[in-house]
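Undergrad: Sequence:
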Amino acid sequence: MSFLVLSLILLTVFASACAQLVLKLGVADQKMQAAMQSGIYDSALAALFSPFIWFGLIIYALSVVLWLWVLSKVDLSVAYPFVGIGFVVTMLFGILLLNENVTPMRIIGTILIVGGCVLVGRSA
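To convert, count from 1 in the sequence shown and add 59; that's the working numbering.
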């Protein structure tokens, strides 16, 4: 696997994790929370006018475009396991930016995922 392809895989995974963070910030907004209590119509309307939701979707869409290029260069069975690295990035976002409580079991599970990603990456 070339350095360029590996870099784009990692960029795509990071961008996707960033999109999840921004989407989480969007749904955590007070207006969004209130709308979600009112029902699906109000939730959809609030999401439609949420800058965080839009920004998260844009980041995610850009990551999909990059991912399509990656898939044109490497086997799916090689590229897709790297998506597991997103678990690490999102866990770090949760801990560092959202003050989420992360249990030792979740940390161990995440380490196992990273180990699998390393093994798959080295097999390419």
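Warning: the hint list may mix true and false statements.
Distance windows between CB atoms, simulated [as the list claims (entries may be wrong)]:
#1 Y100 x M164: 35 to 41 Å
#2 Q92 x S182: 40 to 46 Å
#3 V177 x V124: 32 to 38 Å
Quick caveat, the hints were computed from the structure, so don't treat them as lab data. Idealized CB from N, CA, C, for every residue including glycine.
Undergrad: Run every hint past the structure and note whether it holds.
TA: Do the hints match the structure? See the list:
Restraint check, Y100 to M164: a C-beta distance of roughly 38 Å satisfies the suggested window 35 to 41 Å. Look at Q92 against S182: about 45 Å separates their beta carbons, and that is inside 40 to 46 Å. In this structure, V177 and V124 break the distance hint of 32 to 38 Å, their C-beta atoms being roughly 26 Å apart.
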